[in-house]
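Once you've looked at the hints, dock chain F against the given chain A.
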Amino acid sequence: MNKKTILFSIFFLLSALFGWSLTGNEILKKVDARTVGSEAPEDVQMIMTMKIVSPSGSEKVRELKTWTKNNENEDDWRLMKFMSPPDVRDVGFLTLSDEQMYLYLPEFHRIRRIASHNKSDSFMGSDFSYEDLGISSFEKYYDAELIKEENDFWLLKLSKKPDADKPYELIEMWVSKESNLPVRMKIYDASGALSKETIQESRPFGPYWVPVKITMKNIKEGSRTELNMDEIKTDQGLDSEIFTPRFLKRSVR
Amino acid sequence: MKKTVFFLSLALLVFPQTVKADVTVSGQFKLFTSLFLKQNDTGPYFIHDSGEFANKRIETRLRFSGFLSDQISYAVRFDSYSQPDALFSSDSFPESSSLGAPTLAEPFDFFLYEGNIKISDFLFHGLDFTLGKQRIQWGTADMVNVVDNLNPVDFANFLTFDPDYFGERRPQTALNFEYYLSGFTKIQFVWLLSRQISPLPADFSGLVTGGLTSSSIRIETENKLLRNTNFAFRFATVLLNTDIGVSYYKGNYNLPMLYGVTPVGPAELEFSYTYPQKQVLGLDVAGEVLSAGFWAELAYIIPEDMDAFAYISFPGNEPPYLVKETFPLFEGPYFKYVLGLDYTADIGTGIYLNAQYLHGFFDETDYSGTAESLFGFKKGMFFGEIQDFILASAEYSMLRENLKIELGGIVEFGDHESAFSFMPSLEYKIKDAVTFQAGGFIVSGSENNTKFGPFKNDNILFFAFKTDF
Chain A
29 MNKKTILFSI FFLLSALFGW SLTGNEILKK VDARTVGSEA PEDVQMIMTM KIVSPSGSEK
89 VRELKTWTKN NENEDDWRLM KFMSPPDVRD VGFLTLSDEQ MYLYLPEFHR IRRIASHNKS
149 DSFMGSDFSY EDLGISSFEK YYDAELIKEE NDFWLLKLSK KPDADKPYEL IEMWVSKESN
209 LPVRMKIYDA SGALSKETIQ ESRPFGPYWV PVKITMKNIK EGSRTELNMD EIKTDQGLDS
269 EIFTPRFLKR SVR
Chain F
8 MKKTVFFLSL ALLVFPQTVK ADVTVSGQFK LFTSLFLKQN DTGPYFIHDS GEFANKRIET
68 RLRFSGFLSD QISYAVRFDS YSQPDALFSS DSFPESSSLG APTLAEPFDF FLYEGNIKIS
128 DFLFHGLDFT LGKQRIQWGT ADMVNVVDNL NPVDFANFLT FDPDYFGERR PQTALNFEYY
188 LSGFTKIQFV WLLSRQISPL PADFSGLVTG GLTSSSIRIE TENKLLRNTN FAFRFATVLL
248 NTDIGVSYYK GNYNLPMLYG VTPVGPAELE FSYTYPQKQV LGLDVAGEVL SAGFWAELAY
308 IIPEDMDAFA YISFPGNEPP YLVKETFPLF EGPYFKYVLG LDYTADIGTG IYLNAQYLHG
368 FFDETDYSGT AESLFGFKKG MFFGEIQDFI LASAEYSMLR ENLKIELGGI VEFGDHESAF
428 SFMPSLEYKI KDAVTFQAGG FIVSGSENNT KFGPFKNDNI LFFAFKTDF
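Top line first, the protein sequences correspond to chains A and F.
When we follow the numbering used here, the leftmost residue of the first sequence carries the number 29, and every step to the right adds one.
When we follow the numbering used here, the leftmost residue of the second sequence carries the number 8, and every step to the right adds one.
Bound-form chain A, shown alone (with noise of 0.2 Å):
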């Protein structure tokens, strides 16, 4: 535990103590913790199924193979490699901040660099766009103000700093008391209207909590997109190299 996390924990438990209400910024300080801070795993490996659902009803499955990468103080790595269907096999996301996302696309050979104003783009048809894929702080770039508290949760309302550049004006939030990390997000967009909502379950995994399912619904569409992560491997000492144009170009096993 570094010094931070203590002060945090002697701060919390002296809130709990004498009955001090966190602050909506505080409640996003601790799911950052959670997410890309000092209570996330080092790093992960998955296994995870996306399940496209149309507003018909169809249904389309893609299988990935993601790596993600905690780095203190600094934006997260991941890198996510298709292993189905055929036509996607080996296309590959890799992300290592906000500005420097790159596709691979195997057909043609080539590496593409995402720029900003791309990054709201669908990620491969999926209901989340490049951006949502990407891991990083919300405290950063979100001003939290509490709502509610609930026994179970938080209920945040999340605004966009002036400054920052992010798709998403609002953003509500309800957080778990018990895993510190987000249940439910309903997602604003600029002109105020209802854009997306997310549903996400988490569950222990050793010392961590760890996202294992996420329902991304597209409120204006009518369609859903359903991560269910699988064969979860936290604190395996990834190499940094994994997270290079490297490996992107790389068929995985």
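Since the hints were made in silico from the structure, they are not lab data.
Quick reminder that beta carbons are idealized off the backbone N, C-alpha and C, glycines included.
There's no promise every hint is true.
Claimed, not checked - Derived contacts from chain F toward chain A, CB cut-off under 10 Å, selection only:
| # | residue |
| --- | --- |
| 1 | E185 |
| 2 | L297 |
| 3 | T351 |
Quick look at chain F alone, frame taken from chain A:
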């Protein structure tokens, strides 16, 4: 047939071994059909009725890939083409087959598209070594890589107007060493074990004869000697959040060049072609500006000093008195470049926009003034002088990206003449890995002194059905 038997034997030999290790079998089945929308009795490239089939063929790809160990992977791909109604015949350009074209004149072809082994951390950590026939990524532009001289453009299929072959390049047999100094900094050395030659379409002698009427064509190729192999270096890194590559290539032009015209009889001329040497210094960058993606490539091409020749006749004598004149084919070094931008406009589910400014198409060269006047090289012709183009497209996806509409176009700027090629396309994903595509190649503008203008008398409509497995 011998070739087919050889490749089948190879596959049967390799396959049982790979099954023991690790093998992924994948491939594609494709039916491509195109029609001429206009009647054309005058050419210059095609003569046909309106509604006549331009192309009907089946393509299949079969790829075996996998790992022999943690460090060693392999990939072998066989392609086949069936073309029951051949568009071109080899009658007027038999040399095309010797250029390794996918023999459009033949009803069927089967060949090894790629076959390579990749060894990661070869000899020491960070060094990847790929050996065999392979497609090497070189440059950052979208399809029109002016710095890429390693992988010759598939010119034979380019003129089928199948969008899959627009700017498509062919894998080459090479030793490819990539040494990663860090995650984003690498030094690459490629030794190409033969000359790089673009396959040419059959019956297209008119394209390579510089607008002159030929009687016979002689193509000079070099001996397969060690000294006639090519090589290239590239250094790539990320600087100020921009991908940067600096490269050097020493090798040959991928397309044959006219360097001599010889009278061989009354009203008969022999055209001599060769693949001259060149060096290319390349710079490529890709990054982001004002939240739009950008890329650029600059190639500084240094051709070899090469003499061309032609016979000048002096009128008044009978038979005409001919004098051989020798002159440089090239003036000196010259540039080719491309600048590109892409951006997604927030309209509907987002319209993806892509635009590139290109100075120098893959077949264009900067010839000397004498070569221009004696051989008829000019802007706006295949194998002609360098000219400028704008390539742009707008792409809109609907129905969960199952339906994609693309409006593409090429504007070319010749000498006081211009032409616009409109390339609309509609792609529908019937199921995962099953796609239907329909589109066209519609040309307007001047048909004189433009590269694509003459196709306005043809206009193509195509359909493609693809299944991946």
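Here is how each hint holds up against the structure:
1. E185: holds, 8 Å
2. L297: holds, 8 Å
3. T351: Result: holds, 5 Å to nearest chain A Cβ.
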